[in-house]
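Chains S and X, in that order, are what the protein sequence lines are.
As numbered in our numbering, residues 23 to 597 make up the first sequence, in order.
As numbered in our numbering, residues 23 to 597 make up the second sequence, in order.
Please note that the accuracy of each hint is not assured.
Which copy is meant is left open, so a pair is good if it fits within one copy or across any two.
As the list claims (entries may be wrong) - Calculated cross-link-like contacts (lysine to aspartate or glutamate; reagent style EDC-like; alpha-carbon spacing at most 16 Å):
hint : residue 1 : residue 2
1    : 593       : 536
2    : 315       : 351
3    : 56        : 143
4    : 572       : 81
5    : 315       : 350
6    : 56        : 100
7    : 460       : 519
8    : 510       : 524
9    : 353       : 461
10   : 353       : 448
Don't read these hints as lab results, they were simulated from the structure.
2 protein chains.
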Amino acid sequence: MRASQFLIATIKETPADAEVISHQLMLRAGMIRKLATGLYSWLPLGLRVLRKVETIVREEMDRSGAQEVMMPVVQPAELWEESGRWEQYGPELLRISDRHSRSFCLGPTHEEVITDLIRNEIKSYKQLPANFYQVQTKFRDEIRPRFGVMRSREFVMKDAYSFHKNQESLQETYDVMHATYTNIFTRLGLDFRPVIADTGSIGGSGSHEFHVLANSGEDDIAFSDTSNYAANVEMAEALAPAGERPSATEAMEKVATPDVHSIEEVSQFFSCAADRSLKTLIVYGVQEEGQSKAPLVALVVRGDHELNDIKAEKLGGIAKPMTFASEEDIKAAIGCGTGSIGPVGLSIRTIVDRSATHAADFICGANEDGYHLKGVNWERDLALGEIADIRNVVEGDPSPDGEGKILIRRGIEVGHIFQLGTKYSEAMNATVLNENGKEQVMIMGCYGIGVTRVVASAIEQNNDDKGIIWPDSIAPFQVAIVGMNMQKSDRVREKAEQLYTELKALGLDVLLDDRNERPGVKFADMELMGIPHRIVVGDRGLDQGMLEYKHRRATDSEDIPVEQIVAEVSKRVSR
Amino acid sequence: MRASQFLIATIKETPADAEVISHQLMLRAGMIRKLATGLYSWLPLGLRVLRKVETIVREEMDRSGAQEVMMPVVQPAELWEESGRWEQYGPELLRISDRHSRSFCLGPTHEEVITDLIRNEIKSYKQLPANFYQVQTKFRDEIRPRFGVMRSREFVMKDAYSFHKNQESLQETYDVMHATYTNIFTRLGLDFRPVIADTGSIGGSGSHEFHVLANSGEDDIAFSDTSNYAANVEMAEALAPAGERPSATEAMEKVATPDVHSIEEVSQFFSCAADRSLKTLIVYGVQEEGQSKAPLVALVVRGDHELNDIKAEKLGGIAKPMTFASEEDIKAAIGCGTGSIGPVGLSIRTIVDRSATHAADFICGANEDGYHLKGVNWERDLALGEIADIRNVVEGDPSPDGEGKILIRRGIEVGHIFQLGTKYSEAMNATVLNENGKEQVMIMGCYGIGVTRVVASAIEQNNDDKGIIWPDSIAPFQVAIVGMNMQKSDRVREKAEQLYTELKALGLDVLLDDRNERPGVKFADMELMGIPHRIVVGDRGLDQGMLEYKHRRATDSEDIPVEQIVAEVSKRVSR
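Please put together the full structure from these sequences, using the hints given.
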C-alpha cells in the first residue's frame, strides 16, 4: 500500500476522553473513530488489524474441525422466552420492536439461536459431536461503555457452540478448544494465560478464561512462574507453605491489649509481621429447621491473608452470600467484640485455613475484650479441627500444581471456554435419539473470543511512549519504507519503489510512505501506527550502499547493505 | 472436507412457503434456515458460498484502490436528522431506543455515517479522491420479506462511498467502479448486464444497475443482442425503425366504425396488425397562470407500442405525475370520446413518437364518435409537428447504440452504482478546502452490491430439476468424490482418500463423501448441493483402471483413466 493512497489519520494530541492507553492509541493512530457512545467505526488501518485477527481465529477454528455458520444479529424474543433469559437478562439486552410490533433483541450472544437451529438439524447421536462457530457483530447495551473497543456496545465476537451425547465427548471438544485457543493467542503474538475460571451461577462443570496479561486489565490472574498453571485469583487454590509446621518455642500467654483490634494494631503492638498473627472472622451458618437464629461459624486465616468468600461458600453450611455476623450476635455468642476473637476455646464451628495451620507461636484474640494471646500453638493449646482452603492466593505461594511459585498480574479477558451442560438444551428441548432409540437432551459447550477486544488488548500489551508496537502476525503493515526526500531524489524514489515491489512479491504487507512530508512526520506516524519493521531509504545511505533498518522495539537502527536488505527484512518478519 | 464431518442438511421435499427456485433450493440443499420472518441463519454449506462471494468482492474492491472500513450496524438518529432522512425514510428504517432512551436505527445504508466520518477526517482537496467500502450486515424492515435471502430483512451488503472535488473526478471513479463491478460479476461466473438506470427522485446524474439475468427477476431489462448496451425497459431509448418512411399508397378515407374503440377492435375491424394503426392518448399539460384549467396534450404512439410515462414527463409541459384526461374534458375540448381520437386536425399540442412518424397508410380515430380514418399519411394529411421518444422499447427494436437489436429479459438487481452528487455532503456540510483555500462541498458517489442476494441470484440462473449448479468460482466445494461401497472396499476407500489428498494439495475445494449412505443418496445430495465436478470411485471402474467423472451440467459421465484423473479434473476447474 502507498501511504498517499491510504487514509492515514494520525492525531498528535491525546484525546481527552480516552482513559486507557489502547483507546488513546487507537484514536491517535487513526484505527477507530467514535460514532456514538460505545459505537466505533473502524478506519482502514484498524480494520486491517481486525481482519488479520479474524483470519487467524478462522484458520484455527477450521483446523479444529469446527464448522462456520452465520446467525442473524436480530433475534426473535420467542427463543429467549423459551430459555428464560428474556426476563432474566438485564438491560444490556437491547429489546426492540419491528414494524409489526413483534419483539426482537440485538443478539449479545447466540445460545438460543444455535440451540434452536441444531435441535431442528441434528436428530441422531450419530451426528454428534458437532461444533459450530461464527464471527459476528454483537450488541450489549452497556450502561457505561468505556475504554474504546475494549468495552463497547457493538463489537465483533467469535462464538462457538458444541453439541454432545455425553460428558466425555464434551470434555474432548473442550480440550480441543483449549488447545485451539492456545494456538490462536500464540499466533496472535500475545502474552496470555488460560486461566481456570469460576463457572458462576450459570452452572456447568468446567471453564477457562484466556487472559492477555496487561497492567490495565480488570482481573487479577494468579499463575505459576514455571508451569502453565493459571487461575483467577478468586479460583486459585491456596496451599500451605511447604514443609512441616515449626515447633513451638514459646509458652501461651494472655496479654492485655487495650485498643488493639485490627491486624495492623496487633502487628504494631507486638512488633511483629502480620503473618505471625491469625485473624478469626465470624460469619453466619445455614439456619436449620427448629433453630431460632442462624448459627455462627468462625473462619481463621493468617493475619497477612485475605478471606475468599467464594471458597468459603463452597464448603457448605455457610449462608450464601457469605455474611459477616453482627457485632451484637458475636457479643451474645462469644462474649467479646470482633477485634478480640481467636480460635482458642471457641465453641462454634471453626474452619482453619491451610496456611494458618502452619503458624507456630502465633498471636490471636483471647475472646475477651482488651486481651490477646501470644505464643499460641496448634495441637498444644487448641485442636486443629476443620481445615480448608478459604483464602486468596498471594504472590510467592507455592503453585497448586506443585511447580514453581505464584505470580499475580492483571489480565484482560479475551476468550472464554465453558462447559454449558444442558442449561439451554434442556430448557429448549434440544434432543437426539441415542443408541437405544430414546430421546436424550444434548450436552453443550460454548467458546468465545472477543475479536475487537483482542485488538485493543494487543495494544495494551505492546506499546511505548511513541505509540503501538504490533506483533508481526497482526500488524496492519509489517514493513514501512520511508523515503527521505523522495519527491526530489530520483535515486531514492526508485530504490524505495523497487524495495516495495520486491518485499510485496515475497508476500509481506508493506507500506510505502510516499507522502510529501518531512522525514520526522513520517517516522512519527510509522511509530505511532506501530509498524514493526522500518527501512529508511536516503541519499546518504545509498552513497555508502547502505539502508537503515530499525525494528520498532529496537533503540537504534542498523545499516544493512542494499543488496541484502530484502532477504534480511524478510527473514526478520515472523510468519 | 469430509462429508461425515460436515453438516449436510439436505431436504427431499420442496418447502411449502418458498416461492422462488433459489429459496427452495437454498433450503433443500441445506444452505440457510429461517429464524424468523426475513431472518435467516446460514448453515456451513451456504456460508462457504457467501464467503467466496465476499472474497471476490473484496479482492476487486481492493484492486480498484478502494479502502475497506467498517461502520456500526447501529446508527444514531442525530445523523439521519441532519440528512433529513429520519423523517423521510419509511418504516423500513427500524428505529430503536437504547437503555437511556436515545434514538438509533439499524442501518439499511451508511451514507450518513460515512459522510460524518469523512467530513471529520478529510480536510483538503489534496486528500481526494477517496473511496471507502465495507462488507457489513444491514437491516431493512420490509413489510413483506420474501424469496428467502433475495428480499430478507437482515442481509449482507458491500457498500462503497467515494468523495471528490469535482464532477470529473467522480466520473473517473464511477467508471473505475463500473469496470470493477464488471470484473466482480464476471469472476462470480454470472450472466449479467450493467444497465442504465433511472436516477429517480434521489437526483444525481449517473446510475447503472447490475442485473443478473434470470426468469424470476423483478425487472425488465432491454439489451442489445450484439453490443454491451443495456437499460431498464423504462429507460431504454426507443428508436424509429431503420430506413425511410414508406410512401403513401392509399387515399385518406373516413370509415364508420360503430363500437370500435380499442386497438384490438380496430385491428379486428380493419383486419390488420396493430402496428398499422396509431393510438392517441390525451393527458393533462401544466396549468399556466391565468388558465382556468390545465391544457390537454395529445401523445401519439403506434398501436402495438406502449406509452412510457417517465419519458413523457421528462419532455416538459406535461403534468407530473402524468395523468390521463377525463372523458369529460376530452369531450369538451375535442368533441369525441377517447376511443375515437386521432392526430388529424387536432388543435391541441401533439407529440408523436418516433416510430409513429414512420407509419404510412395508417388508421386512426377521426375525432368524431363512431368514425376512424384509414389511409392516413404524414406530411400529406397532417403535419409531423413535435416528435419525441415517448414509448417503451420492444424486442426487435434497433439498439440505441446502433449495434444489433433489442432483447428483453428479466433481471435481478445485484449491484448499483450511483452518482450522488452533493445530496448528503451539502445537507451534512461535508467540505474540504479547495485549491484557493475556500471551503467547498465534496461530491459523492455510492456503489452497492447485495452480497447475500448474489448467492440467491446465482442459483436462479444456474439450476435444474436436480438442484443447484454452481459456477466454479463460488461453489461451496468444486469437486465431490463419491466412493461406492467405501465402508467395505479397502481399495475404493484408499483411492478415494488418495484423490482427496491430491486434489486438495492442488488448492481445490474438495468434498469427500465418506458417509455410510447408498450411492443414490450421495449422488442426489451432491447434485442438489450443486457441486460442479464429481468423481465416482468404484470397484468396477478400478478393475478397468477407470474412474467416472461427470460435470454437473453434463448429461452423461465419462470414464477417465485413474492416473489422469487428478490432472484432468484440476484442468477442468476454472480458477
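Hints, one by one, checked against the model:
no. : hint      : verdict
1   : 593 x 536 : neither (24 Å within a copy, 42 Å between copies)
2   : 315 x 351 : within (10 Å within a copy, 97 Å between copies)
3   : 56 x 143  : between (40 Å within a copy, 12 Å between copies)
4   : 572 x 81  : neither (31 Å within a copy, 31 Å between copies)
5   : 315 x 350 : within (13 Å within a copy, 97 Å between copies)
6   : 56 x 100  : between (33 Å within a copy, 14 Å between copies)
7   : 460 x 519 : neither (69 Å within a copy, 35 Å between copies)
8   : 510 x 524 : neither (22 Å within a copy, 53 Å between copies)
9   : 353 x 461 : neither (58 Å within a copy, 79 Å between copies)
10  : 353 x 448 : neither (48 Å within a copy, 76 Å between copies)
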